[in-house]
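First to last, the sequence lines map onto chains A and B.
Numbers in this note's numbering are just positions in the first sequence, counted from 1, shifted up by 2.
Numbers in this note's numbering are just positions in the second sequence, counted from 1, shifted up by 2.
Watch out, some of these pointers could steer you wrong.
[To be verified] Reference excerpt, derived from the structure (chain B facing chain A, CB under 10 Å, subset only): (1) D88; (2) T100; (3) V101; (4) A104; (5) M249; (6) T285; (7) I336.
[To be verified] Some chain A residues flagged as far from chain B (calculated, every beta-carbon gap over 10 Å): (8) S57; (9) S147; (10) L195; (11) P302; (12) V340.
Bear in mind the hints are in silico, worked out from the structure with no lab data behind them.
Nothing here was measured: the structure is a model prediction, and the numbers come from that model.
Cβ atoms here follow ideal geometry from the backbone N, Cα and C, with glycine treated the same way.
These are the residues of each chain, in order.
Protein chains: 2
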Amino acid sequence: MEKQDLGRTEIASLGEFGLIEHLTKNFEIQNPSSHRGIGDDAAVIDNTGFLTVVSTDLLVEGVHFDLMYVPLKHLGYKSVVVNLSDIYAMNAQPKQITVSIAVSNRFSVEALDEFYEGVKLACKFYGVDLVGGDTTSSQKGFLISVTAIGQAKEEELVYRSGAKPGDLLCVTGDLGSAYLGLQILEREKQLYLSNPGIQPDMEEQDYLLGRFLKPEARKDMIDIFRQNKLVPTAMMDVSDGISSDLMHICKQSGVGAIIEEVGVPIHNDAKMQALKFKLDPLTCALNGGEDYELLFTVSPDDIEKIRLMPDIYIMGEITERSEGVKLHSSGGKIHDLVAQGWKHF
Amino acid sequence: MEKQDLGRTEIASLGEFGLIEHLTKNFEIQNPSSHRGIGDDAAVIDNTGFLTVVSTDLLVEGVHFDLMYVPLKHLGYKSVVVNLSDIYAMNAQPKQITVSIAVSNRFSVEALDEFYEGVKLACKFYGVDLVGGDTTSSQKGFLISVTAIGQAKEEELVYRSGAKPGDLLCVTGDLGSAYLGLQILEREKQLYLSNPGIQPDMEEQDYLLGRFLKPEARKDMIDIFRQNKLVPTAMMDVSDGISSDLMHICKQSGVGAIIEEVGVPIHNDAKMQALKFKLDPLTCALNGGEDYELLFTVSPDDIEKIRLMPDIYIMGEITERSEGVKLHSSGGKIHDLVAQGWKHF
Numbered sequence: 003m004e005k006q007d008l009g010r011t012e013i014a015s016l017g018e019f020g021l022i023e024h025l026t027k028n029f030e031i032q033n034p035s036s037h038r039g040i041g042d043d044a045a046v047i048d049n050t051g052f053l054t055v056v057s058t059d060l061l062v063e064g065v066h067f068d069l070m071y072v073p074l075k076h077l078g079y080k081s082v083v084v085n086l087s088d089i090y091a092m093n094a095q096p097k098q099i100t101v102s103i104a105v106s107n108r109f110s111v112e113a114l115d116e117f118y119e120g121v122k123l124a125c126k127f128y129g130v131d132l133v134g135g136d137t138t139s140s141q142k143g144f145l146i147s148v149t150a151i152g153q154a155k156e157e158e159l160v161y162r163s164g165a166k167p168g169d170l171l172c173v174t175g176d177l178g179s180a181y182l183g184l185q186i187l188e189r190e191k192q193l194y195l196s197n198p199g200i201q202p203d204m205e206e207q208d209y210l211l212g213r214f215l216k217p218e219a220r221k222d223m224i225d226i227f228r229q230n231k232l233v234p235t236a237m238m239d240v241s242d243g244i245s246s247d248l249m250h251i252c253k254q255s256g257v258g259a260i261i262e263e264v265g266v267p268i269h270n271d272a273k274m275q276a277l278k279f280k281l282d283p284l285t286c287a288l289n290g291g292e293d294y295e296l297l298f299t300v301s302p303d304d305i306e307k308i309r310l311m312p313d314i315y316i317m318g319e320i321t322e323r324s325e326g327v328k329l330h331s332s333g334g335k336i337h338d339l340v341a342q343g344w345k346h347f
Numbered sequence: 003m004e005k006q007d008l009g010r011t012e013i014a015s016l017g018e019f020g021l022i023e024h025l026t027k028n029f030e031i032q033n034p035s036s037h038r039g040i041g042d043d044a045a046v047i048d049n050t051g052f053l054t055v056v057s058t059d060l061l062v063e064g065v066h067f068d069l070m071y072v073p074l075k076h077l078g079y080k081s082v083v084v085n086l087s088d089i090y091a092m093n094a095q096p097k098q099i100t101v102s103i104a105v106s107n108r109f110s111v112e113a114l115d116e117f118y119e120g121v122k123l124a125c126k127f128y129g130v131d132l133v134g135g136d137t138t139s140s141q142k143g144f145l146i147s148v149t150a151i152g153q154a155k156e157e158e159l160v161y162r163s164g165a166k167p168g169d170l171l172c173v174t175g176d177l178g179s180a181y182l183g184l185q186i187l188e189r190e191k192q193l194y195l196s197n198p199g200i201q202p203d204m205e206e207q208d209y210l211l212g213r214f215l216k217p218e219a220r221k222d223m224i225d226i227f228r229q230n231k232l233v234p235t236a237m238m239d240v241s242d243g244i245s246s247d248l249m250h251i252c253k254q255s256g257v258g259a260i261i262e263e264v265g266v267p268i269h270n271d272a273k274m275q276a277l278k279f280k281l282d283p284l285t286c287a288l289n290g291g292e293d294y295e296l297l298f299t300v301s302p303d304d305i306e307k308i309r310l311m312p313d314i315y316i317m318g319e320i321t322e323r324s325e326g327v328k329l330h331s332s333g334g335k336i337h338d339l340v341a342q343g344w345k346h347f
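Given these sequences and hints, build the entire structure.
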C-alpha cells in the first residue's frame, strides 16, 4: 500500500497522439514477424508458415482489479500475462500484443507510465512485441483491453476438446494461492478503510501476495513440453478456478473426470493462510481462480515423460462422460464437483 | 428516439459463459482461414502465405457514443465498421474480429442481443468472422473493444508513410456529413431534455443521420483498386477529420500537402445543414471526423486510372515537407491547415 510521488502531468497536456507516442516510445520490436508496429491504421504481422492464434481480455476497474491495493505497474504486467497465458494454453508462442486503455482524468501521465512500465516488463520477459492499441478517456475508472497474437504449428496446437477417457489429468504449479493473496489484500483494505492509521500486516505473505499481484504465465512449461516432444491432448489455463475450468474441458471433449483430493497441489503457505481465515484449503484450491497455471490432459503413454518434468502434478483422470465430473476425497468419499468459479455478473 | 419493448432477461440469469454462448450462437464462420473460433483459450487463424494485419479500438459510452440517440444495433454495426475501416485503410482484407464488451446491470440480455445483431449484420456484410471476445460487467456504462485481423499480400499493403511530393491527394465519398448528422442528434437531444414532450424534427435528414449512425467502411474502393491494379502510395481512413488525418500522412511520409478548397467533396445536404447551423461547410468537412472515407495519395502516373473510378475526388497534391500543410481557398488565399480533429481528452 505504498504511495509514490510520481509528479503529475495532465493527460490533456499531451493530446491523444502525443500520449500514444509518449507511452510507447521505449518499446523495442523483438520478433521478426512484427513487420510493422504502432503508428499506422493497423499492425502488420508476418505469420507465413504458422497458424495465428488470437486471444483478448477486457479488464475493468472495480470488477477485475482494485487500484487500492494493486500497483499500476503490477496491473500492467498482469494485464499482459493473463492474455499470454491463454496463448500458452493453446501450446502456442505469443508474439505480439495490442493494449488499449480508457482512463478518467483522475489519472496522470505518470500513473499511465507506471502501467506501461509493467506492460514493457512483461513484453521483455515473454519476448512479445507491443504492436498497437488505443488510448481514450473514460467517464469513470480504468479499463484495459489486451489482445495477444501467437503462432503455432498445426500439429502442436492443443484445444480444450481433445481429452479422452483414460487420459491423465495434470496441473502445473499449485492452486489457490492467488485467491488467498487476494483475501489478504481485501482484509487489509477493510482494516485500512475502518482505521486509516493502521499498519498493514502482510509479513511472510510474499508468496501468496506475489501469486495474486504478479502472476506468471507458464511459458517455461510450454518450452519443456516442446523439448520433451510432449503434446497434451487438451489444455487450458486456470483463470476461473479448476472446478469451473475443468468443466470446459469435459464439456468440449465430451468426457467426465475424477480429481483425487490427494493429487491437488496446494502450497504450504496457502494451506496455513486458509486455516487462519477458517477456509477449507481444498475449496480455495478448486474454486480460487487467477492461478494462471496450466490444466491439461495427456495420454497414459506419456506418463514417463510427465514424471520426469518439474512442477507438474497428476491430479486425476479423464473418465467417460456418463461418469460426470467428480472429486475423490482423501476420506474415500466421491462428490460431484460443482463449478463455482468467479462470477462477474 | 424510438423506444422498443424488448422484454427483459437479467444478464445474471445466464452467467458469463451462458451469455457468451447466447450472444454468439448465430454467428457462422465465413472464412476458411478461421480455423477455430469462439470457445477455446484463443481463436486460431490460418494466414499462411499472407501477412496478418491487426487493428483495435476501444469505445466508451459517454465518450464515443451516446445511447440516448444511438440505437444498440447501430452501435454494434458501427463498432465493427470502424475497425474494418482501419484494415481497408492498409489496402488489406479483414477476415476476423474479436468483440469484447463490459456492461453494467442496467442492460438486459435483450439489449445486448440488439447490439450483437448489429455486429452480426456487419460480419455478414463485410464477410468477416467473429472468432473471440470477452464479456464482463462494468461499474458504469457500456464499453466495447473490437480487434480486427486481416490479410494482404506484401506488395499490396499501403502504409501512411509512402506519400511523395507530386503525388495526387485523393479522398473517397464526401466529408463532414457524419459530423452534421451528429450535430442534428445533439440538437434534438438538448431539445428533448428541456422538453420531453417535443417531437424530434429529423425529416429529410436521412442522409446525414445515416452517415453518422450507420457508416460503411470502403471495402468497395479496395476492391476497385485491386480490379484496376492501383496501389496508392499512402492511405488512411478519415476518423478524426481530414485536417488531423492528413497531418499523420505528412508527418510519417516526411512531406507537405496542399488542399484545394474546390476539391473538397461536400454533400449538398451537408452544405445546407451547415448553413442552417451557421457553420462553415468547409470547416465541417475538414474537421468533422467519423466519415470513415479513405484519404490516400497516388502517383501522378495513375491519374487516368483515378479519373475512371467512381466516387473518388482529387483534393490536392503532396508537396515538399518545407512547404507545410496548406489550404488553397477558392478565394485564392493560402492558409495553414490546422488540425483540430476530435479530442477525447
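Going down the list of hints, with the structure as the test:
Nearest Cβ of chain A to the Cβ of D88/B: about 4 Å, under the 10 Å cut. The hint holds. This hint holds: T100/B has a C-beta 5 Å from the nearest C-beta of chain A, less than the 10 Å allowed. Restraint check, V101/B versus chain A: the minimum CB separation of about 9 Å is within 10 Å; hint holds. For the restraint placing A104/B at the interface with chain A, the shortest Cβ-Cβ distance is roughly 5 Å, inside the 10 Å limit, so the hint holds.
Taking 10 Å as the C-beta cut-off, the interface hint given for M249/B holds, the closest approach to chain A being about 9 Å. With 10 Å as the threshold, the beta carbon of T285/B stays out of range of chain A, its nearest partner Cβ sitting at about 20 Å, so the hint is violated. With a least beta-carbon distance of about 25 Å to chain A, the hint placing I336/B at the interface is violated under the 10 Å criterion. Separation of S57/A from chain B is inadequate, the least Cβ-Cβ distance of about 4 Å not exceeding the 10 Å criterion.
Interface exclusion of S147/A from chain B breaks down, the closest Cβ pair being 4 Å apart, not more than 10 Å. Once the 10 Å rule is applied to beta carbons, L195/A is consistent with being away from chain B; the minimum gap is 18 Å. The non-interface label for P302/A is consistent with chain B: the shortest C-beta to C-beta separation is roughly 24 Å, beyond 10 Å. Residue-level check passed: V340/A sits 13 Å from the nearest beta carbon of chain B, beyond 10 Å.
In the structure shown, a violation is registered for the earlier hints numbered 6, 7, 8 and 9, in ascending order.
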